[in-house]
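If you read the sequences in order, they're chains Z and H. Take 1 as the starting number for the first sequence in this note's numbering and just add one per residue. Take 1001 as the starting number for the second sequence in this note's numbering and just add one per residue.
There could be a bad hint or two in this list.
[What the hints assert, rightly or not] Which bits of chain Z does chain H cover? Going by a derived footprint, with three or more residues having C-beta under 8 Å, they are: (1) 28 to 37; (2) 80 to 91; (3) 315 to 326.
[To be verified] The following residues of chain Z were derived to be distant from chain H, with all beta-carbon distances above 12 Å: (4) D23; (5) K25; (6) M55; (7) L204; (8) K211; (9) E384; (10) D394.
[What the hints assert, rightly or not] Over the 10 Å line for every Cβ pair with chain Z, so calculated as not near, a few chain H residues: (11) G1110; (12) T1379; (13) I1465.
Just so you know, these hints were derived from the structure itself, not from any lab. Computed from a predicted model, the values in this text were never measured in an experiment. Backbone N, C-alpha and C define an ideal beta-carbon position, used for all residues, glycine too.
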Amino acid sequence: MFRRSLLLLICILPLVSLTSCFDAKEITEWTYVYSIGMEKGVSDKLRMTIQAPSMRGGKGVGGGSGGSGGGQASDIETITIDCPSFYSGVNMLNSFMSRQINYMHTKYLVFSESLAREGIDSYITGFIRGRQVRRQINVIVTKGSASEFLSEHTTTISSSLSKKQQNMIDQADITGFFSTATYGEMLNAAKSPYSQPIAILAALNNESKFKEGEGTGKTPFKTSGDYYAGELVRKGGSRAEFLGTAVFDGGKMVGELNGDETRTLLMVRDEFKRGFYVEKDPKEEGKFVMVDVRREKSPDIKVRFEKGNPTIDVKIFLEGDILAIQSTIDYESMELKPVLEDAVKRQIKKHLDRTIKKCQDVNSDVFKFGSIAAMHFLTIPEWEDYNWLKRFKDAKVNTQIDFIIRRAGTVLKSSEMWPAEGKKGG
Amino acid sequence: MTGIFNTMMGFLTYKPNDKRDFELLEGKYEGVERTNIPEAADIKTDSQAYEDIKTKEDTKKHQKSTKTPLSIDEWNKQKNEESTSFVQTEEGKVSFDLNSNMEFIKQEFGIPYNTDIMIRQFKAAQKFSAFIVYIDGMVDKNYISNFLIRPLMDSHNFHGYLENDTNSDILDYIEQNVISAHEIASANDWKTINYNILSGNTALFVENSQKCLVMSTRGYEKRSVGKPITENVVMGSQEAFTENLRTNLSLVRKIIKNKNLITEMIKVGNTNQAHVGIMYLNGIVNQEVVKEVKRRINDIDAAFVMGDGMVEQFIEENPFMILPQGLTTERPDRVASFITEGKVAIISEGVPFALVVPITFFHMLQTSEDSMLRWQYGTFLRFIRIFGLLVATFLPAMYVALTLFHQEMVPTELLASIAKSKEEVPFPTVAEILLLEISFELIREGGIRIPGVIGQTLGIIGALILGQAAVAAGLVSPILIIIVAVTGLGSFAIPNYSFGIGLRIIRFLFIFFASILGFYGISLGLFLLSCILCSMKSFGVPYFSPVAPKSRSNPDLIIRHPIRKQNERPDYLNVPNRKKAR
């Protein structure tokens, strides 16, 4: 027994004496950064912005009472500093912040567009080694200033910023207008010879497009995704807007995709979940048919090489439901269903072809075609010698969309309105 | 210097464990599916074989201690036989002279200082001087008056003796013809007589007789059979043990109506001489376990032994282990079910509890209600209990580890709210949680000691006012109140009282580990704990049987299968009859 207790003591003593609790830190000793913003600095290389909750709330969650005033924004502190690099900036921040900065919980990494166009490879590779950095951070490229974006992107509907951040990203699954590009994916894509990175495109909407007064309601047809971030015609709500994709070549931003193009990009990458499409009514002018489009199965992508030049065949499988038929023409019927399906197919194919063209113009394979093309090479050096990323622009891409309407929503058959003067057709 | 070196080498080198611990090994009857239950003689040969081995190995002292104990009556008889075979001396024996006998008793029991001892003198058959001795309060007075003194004083009862054989011992005649007591024995050594008087019997001395009659007249106060207090169930038996040993034994016997149910009596405690009953089912129990239990109880060398709690401490495998190695229960139905499974119950005098050995970890999470309910419900209850166990052991430690080391694992918003609520608290998390845990333990301990009426109020003061006020005063953060409350609830869900206390201590150990090394510390602690638990044994049975080491058992560990499938006794007990159906 003595022996055993002595052994136990020998086991426990080093546990206490050698390690102690040196890296234990109380929750209240940290400040948890929600977002990090980076842009070109004015008086130094980098202007870094961090967004952290103020712990002033006292007891209970949230703290702030209701009301739409600016009171709630004060729960979030947005601090901007000019510094030579990210990690030195973190230390500089601590010369006026009482708590150590902790970015374990960081959700957004925001780059300004001008910085992204200049190249952010030095930032994304020089950042990952920190122990607290998680690869699930969503990378956002914002038009204009990152610090301005972050100071505007605070709590609006919910009182919790982290929830808002997560919920905002989750919208990508509902609309497909932007991707859920994460830091880890971006890092991998930037370093791989197969594909190129993308980032979420975001901007502040200054509501300048919104015109007051009641209009005629007649405009040239524009699909819901035919916008870039910051261009939506709207008023109210959070000014920060997530729409579209920033296309990179290595660490340098080379182009941007709008909402519709992002959807087709995600379809090819097999990341598209669902989205509502608006389609001009094939039979009646000025009316629209709304379709809920979903992914049916993985796209079928084949790459062939003809005399060294790649040919890519892309076939995308989609399905969907009819959501609304403004003209009450019965597109549910077996005769008219293919008409509607064809119209949707044509629209999506048009978007897809435009997206591929756009990406080939800037020579950025964000579709990950390279990962399929690489199967034709026996060894990695052979593949690296071929330099797919350089030759992507020469690839010939054939696209095909497969779309089936599965259901007609909760209405089996369209029927016309019946006003006092009788039915239109009757 | 060499001493230190040798000690260090001792830790590093392997040495076979030459300590002869009791291990429950498979005997020759283990698992033999026999239709006939072995007769008593059969067991004796078995035990003889066991003793042969022991005598070869052990010292003379050990041999003496493994001698099969006898029941009290047999014991008395044997003592008497021994005394007759001895050379007759006045020392320690009843004398011919009645007065010297009385003087001896007066001396022995400290009369006249000791007022409890009653000596009633009378003339038996209006002719022979006689007296009876008993302890006031321990005996049934009506019984003594009506069935001892009255027939003795009535000379009609002595016709046969007075007319025919006045030569034979009058006590023999009285034993056979006069007294109508249901239990009667003659004794002539003072040790036996004293013990009998002390345990509530009455001794009768008649002139010119070199022995006395000891008659069972026990009639002391006892509590009637009541409801279980610590082991309440909704469904199932509502009978609990009482303080009276005989009643307790009969409660078990009432459930197991089997001729093979054996009750053996052993006397423990050199001063208080308490009875300990060992109950087992012959032919089902592994005799080695019975022998080991008897050996250990016989080895108890203490002045005062009271109840199974003390017996358990004397006979358990290792007193330094933190979890109990015997199961204490106050329910006769539970004891009965354990006995039919092949375990041994130790029922002591003076407490309404019985001790069951050998037991395993999993018994600690079971209640008698589990088998009363349908298997789905029973299983569900077990899951809740296991969840309670995990919560009670790990939750505060997890909280400490999460907030000190692993903030990345907490959802951001929860983290912010914890941080906000901790903002005004001046203590580090560990101090905070210890403060609350210890005050909770205080409330708990106080709640048990305090009289029932005030106990209710204490709960309100402790839980509501203290908790609320501590938060309001900024001493602890509100989330911690939740943690401690849930922990407390979890610990209430553990059915076994001593097991629960063990876990409460372990919880503090885990808080300590977590505050030093976070989750890594918790896993170190868990590793250490599981090493200790796996090395533990309860009467030769590994504590984690039948999981580690794996052996066959009923599908009744955590998930209960339908009751039809539970037809085997556990393999780790090495019982001769494994099928329950027989």
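Handout entry: Reported absence of Z/D394 from the contact zone with chain H (all CB gaps over 12 Å)
Key = holds, 45 Å
Problem - Distance rule for Z/L204, whose beta carbon must clear each one in chain H by more than 12 Å - result: holds, 23 Å
Handout entry: Annotated coverage of the stretch 80 to 91 of chain Z by chain H, confirmed only when three residues or more have a Cβ within 8 Å
Key = violated (count 0)
Problem - Z/K211 remote from chain H - nearest C-beta pair above 12 Å - result: holds, 39 Å
Problem - Beyond 12 Å from each Cβ of chain H, as asserted for Z/K25 - result: violated, 7 Å
Handout entry: Claimed clearance of chain Z by H/T1379, with the beta carbon kept past 10 Å
Key = Its Cβ never comes within 10 Å of chain Z, the nearest being 37 Å, so this holds.
Exercise for the section: Confirm or reject the statement that Z/E384 sits farther than 12 Å, beta carbon to beta carbon, from all of chain H. Expected result: holds, 36 Å
Practice task
Please settle this one: Z/D23 was flagged as non-interface, so is its CB more than 12 Å from every CB on chain H?
Solution key: With a cut-off of 12 Å, Z/D23 comes too close to chain H, as the shortest Cβ separation is near 7 Å.
Practice task
Find the nearest Cβ of chain Z to the Cβ of H/G1110 and say whether that gap is larger than 10 Å.
Solution key: Given a closest Cβ separation of 43 Å, the condition holds.
Practice task
Hey, is H/I1465 genuinely clear of chain Z, shortest beta carbon separation above 10 Å?
Solution key: It holds; H/I1465 is separated from chain Z by about 18 Å at its closest Cβ, greater than 10 Å.
Exercise for the section: Taking the shortest Cβ-to-Cβ distance between Z/M55 and chain H, state whether it exceeds 12 Å. Expected result: violated, 5 Å
Exercise for the section: Count the residues of the stretch 315 to 326 of chain Z whose CB lies closer than 8 Å to any CB of chain H, then report whether that count reaches three. Expected result: Result for this restraint: violated, n = 0.
Comparing the model with each numbered hint stated earlier shows that hints 2, 3, 4, 5 and 6 do not hold.
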